[in-house]
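Protein chains in written order, with full-length UniProt numbering: chain H, 1 to 428; chain C, 1 to 428.
Fair warning: there could be bad hints in the mix.
What follows is a list of derived Cβ distance ranges for each label pair [unchecked claim]:
#, chain 1, residue 1, chain 2, residue 2, range
1, C, Gly78, H, Glu95, 56 to 62 Å
2, C, Glu231, H, Gln110, 48 to 54 Å
3, H, Phe148, C, Thr410, 53 to 59 Å
4, H, Asp42, C, Gly78, 16 to 22 Å
5, C, Lys116, H, Ala52, 46 to 52 Å
No lab work stands behind these hints, which were simulated from the structure alone.
Cβ coordinates follow ideal geometry from the N, Cα and C atoms, glycine included.
Protein chains: 2
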Amino acid sequence: MASLKSWLPIPKSSHFSLANIPFGIISTASKSSPRPAVAIGDHVLDLQEFSASGAFSSLNIDVAVFSKPTLNDFAALGRPVHRSVREYLQEVFAENSTHADILKNNSSLQDKALLKRDQVTSHVPMHIGDYTDFYAGKNHAFNVGCLFRGPDNALQPNYTHLPVGYHGRASSIVVSGTPITRPNGQILEAPGSKVPIFSPCKRLDIELELGAFLCKGNTMGKNIPISEAAEHIFGYVLLNDWSARDIQAWEYVPLGPFLAKNFGSTISPWVVLADALEPFRTKGLDNDTQLLPYLQEKEDKNVYDIRLQVDITPAEGQETTNILNSNGSNLLFSFPQMLAHHSIGGCPMAVGDLLGSGTISGKDAGTEGSFLELSKGGKETIKLNGGIERKFLQDGDTVTLYGVSGNEETGLVGFGECSGKIIPAPKI
Amino acid sequence: MASLKSWLPIPKSSHFSLANIPFGIISTASKSSPRPAVAIGDHVLDLQEFSASGAFSSLNIDVAVFSKPTLNDFAALGRPVHRSVREYLQEVFAENSTHADILKNNSSLQDKALLKRDQVTSHVPMHIGDYTDFYAGKNHAFNVGCLFRGPDNALQPNYTHLPVGYHGRASSIVVSGTPITRPNGQILEAPGSKVPIFSPCKRLDIELELGAFLCKGNTMGKNIPISEAAEHIFGYVLLNDWSARDIQAWEYVPLGPFLAKNFGSTISPWVVLADALEPFRTKGLDNDTQLLPYLQEKEDKNVYDIRLQVDITPAEGQETTNILNSNGSNLLFSFPQMLAHHSIGGCPMAVGDLLGSGTISGKDAGTEGSFLELSKGGKETIKLNGGIERKFLQDGDTVTLYGVSGNEETGLVGFGECSGKIIPAPKI
Chain H
1 MASLKSWLPI
11 PKSSHFSLAN
21 IPFGIISTAS
31 KSSPRPAVAI
41 GDHVLDLQEF
51 SASGAFSSLN
61 IDVAVFSKPT
71 LNDFAALGRP
81 VHRSVREYLQ
91 EVFAENSTHA
101 DILKNNSSLQ
111 DKALLKRDQV
121 TSHVPMHIGD
131 YTDFYAGKNH
141 AFNVGCLFRG
151 PDNALQPNYT
161 HLPVGYHGRA
171 SSIVVSGTPI
181 TRPNGQILEA
191 PGSKVPIFSP
201 CKRLDIELEL
211 GAFLCKGNTM
221 GKNIPISEAA
231 EHIFGYVLLN
241 DWSARDIQAW
251 EYVPLGPFLA
261 KNFGSTISPW
271 VVLADALEPF
281 RTKGLDNDTQ
291 LLPYLQEKED
301 KNVYDIRLQV
311 DITPAEGQET
321 TNILNSNGSN
331 LLFSFPQMLA
341 HHSIGGCPMA
351 VGDLLGSGTI
361 SGKDAGTEGS
371 FLELSKGGKE
381 TIKLNGGIER
391 KFLQDGDTVT
401 LYGVSGNEET
411 GLVGFGECSG
421 KIIPAPKI
Chain C
1 MASLKSWLPI
11 PKSSHFSLAN
21 IPFGIISTAS
31 KSSPRPAVAI
41 GDHVLDLQEF
51 SASGAFSSLN
61 IDVAVFSKPT
71 LNDFAALGRP
81 VHRSVREYLQ
91 EVFAENSTHA
101 DILKNNSSLQ
111 DKALLKRDQV
121 TSHVPMHIGD
131 YTDFYAGKNH
141 AFNVGCLFRG
151 PDNALQPNYT
161 HLPVGYHGRA
171 SSIVVSGTPI
181 TRPNGQILEA
191 PGSKVPIFSP
201 CKRLDIELEL
211 GAFLCKGNTM
221 GKNIPISEAA
231 EHIFGYVLLN
241 DWSARDIQAW
251 EYVPLGPFLA
261 KNFGSTISPW
271 VVLADALEPF
281 RTKGLDNDTQ
291 LLPYLQEKED
301 KNVYDIRLQV
311 DITPAEGQET
321 TNILNSNGSN
331 LLFSFPQMLA
341 HHSIGGCPMA
351 VGDLLGSGTI
361 SGKDAGTEGS
371 FLELSKGGKE
381 TIKLNGGIER
391 KFLQDGDTVT
401 LYGVSGNEET
411 GLVGFGECSG
421 KIIPAPKI
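With the rest of the complex left out, here is chain H (with noise of 0.2 Å):
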């Protein structure tokens, strides 16, 4: 793949090169109208002053969706339309671009347009009516697994017949930067206790995974197959599941998880499409079980290899070290087999629907997905840069999760951070 060159400046070193272009909702000082924007390198373009320009009068797409508050409207025109954008864009701002005449030579829409992307505030890019997080990550599930019932029951009868999930809680997701609130709830103080005190959650702890964001839904009662799945996934950012295994612990029998995950989950701020992430694709982890054919997928690299981060900046310190890192592919699922088998029953998808991955561990330390994995249970000790000791989050941590596929040569396509600090729990 040759490399796509700009005339704009962008750093050899970010995530939103020319082979990228992810899409969010930002807003300015100026202007604090929340609307539709690119990033590029370390600028955004402002797709409401872009478009307003008559910018895109040439691809026959109804701009209005440039004006809107969400990325919703934008994704529901479907993948051929988020493609010929991107293309286009790509086009705007290459090197030698054939619409010179658009950006590249018109200072004037420049100056309204292009801005520095650390003056603009990003927004929580879709309006989500649902979120539902699954459980794919195969060797977080048999880590965790092993912590609870030992490693010849690690896994249940049902993990590698279907992508196990659950609802999530839509109101709670926020974008990276907000502050997380530590939750009060209640625990178990000792081990084997059965009554239970109040307390902040003293087991914090994060889940990196990757979200898949719905740009087409189904009608209620009506499945979506699988050989047409993809084309209902508008694209994709980095999720921090912050979770409270304590409160988790007692809570969640016998119908899930609940508290222990609704205070709180962050997101990445630009939406990377699916096509940006299509060169990346590779093969997910081996799955020896005949899969039921509403989940059989035709191409066998139905998952992205994509460089996955997490650094910690303790509280004690502003010294930031890298605990884990891991890779996109180490899931037994695909988004398309989720989302196959969410609607099988026929529940109703719509545009703006988040898919979790669940967490993406790797099977080597330092590769597990959360502190629960890496501290095995709370029993070993993380150890970060300046002497700084972890088992699970202190108040004033922050945590900043990282993805991106590609090299240099050809432009990073990445996410950007994730990011959040913890702050104390409220005195109830």
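Chain C: place on chain H using the hints.
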């Protein structure tokens, strides 16, 4: 309580007496845009038309809320406003109305705004951001626990300490009358099997529940104190949480019910305001457990005496059988307790959110709120009129929930019908 008599003929048996005044969203053949209305006897009052006439001018409220396609904006005005609007409408309809010129003697406005209820279409009354289903019907939890684990371990250790709940699927909430498609999915054909087959659900069930709509939210990271929770509750509906028991049994470990619950959940169309149910407060099920302070209510009459009934009209014929009768008081936790718990870790709640009670079963035979309980897990047969038998639902069956408080002397306060007919699973 003295009977409220109206100049409008209201059948004694109507759930929508002058003591009720429930709110809903309607459309008509001549005007397809959904708008708010109240139900009264066999009529509805179109609040868009009514408010457009200036009829609310004495109340000092923003009547724009009555031109919206959902009740969210009206609900967000808060309980004191709901109270004043309800009381004003009771006065408008009172036999000796002090506002006779508003409607009683205004045949022109009657023609425009007072419609026959059987000539309007009802819609889901709120935009539901998130839906949570609780499990507060202790008798149901015990009955189901007995089927799976025996009576000694029927209830989990957490059960009496907190209202167990899980996130549901907001997009699958439909209004009474909407057909329900039998879901396809993975089920185990034989007990003990560990390899699923693909099949239409063979154990399709109902769950008799009450639902509460919220009229007030909270900021993420802050909880709603139990003392304030009641002010966050707009009103109540009946809820049939249709359940695919065989899909549920296979999928639900370890993260809870998912596809077994998200193919459709039916609510009654008219939101009975919290104020209308005040006279029917009663004590719920006894709880010997010392609750943590955040769940302690001052008022021990914290649930409602609502007579609940479920009828089935089977596919084979038109004869309807009443299969069970329960009462809204069969709950271990109140809705304010559910809400205080839901938000205790800082989960952001919003106007329009729906909370389900969990299945409301009594203790005696014939009071169980699901086929699973009535048929003892499918081991026994439920006898219907006309020699028809059921263990679970068949295609073509129509199930109707009813709920009503009070008596005909002082005026019934009820929910009308919450009904759905099963249509066959699609061939896949």
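Hint by hint, here is what the structure shows:
no.: 1; hint: C/Gly78 with H/Glu95: 56 to 62 Å; in the structure: holds (58 Å)
no.: 2; hint: C/Glu231 with H/Gln110: 48 to 54 Å; in the structure: holds (52 Å)
no.: 3; hint: H/Phe148 with C/Thr410: 53 to 59 Å; in the structure: holds (55 Å)
no.: 4; hint: H/Asp42 with C/Gly78: 16 to 22 Å; in the structure: violated (46 Å)
no.: 5; hint: C/Lys116 with H/Ala52: 46 to 52 Å; in the structure: holds (49 Å)
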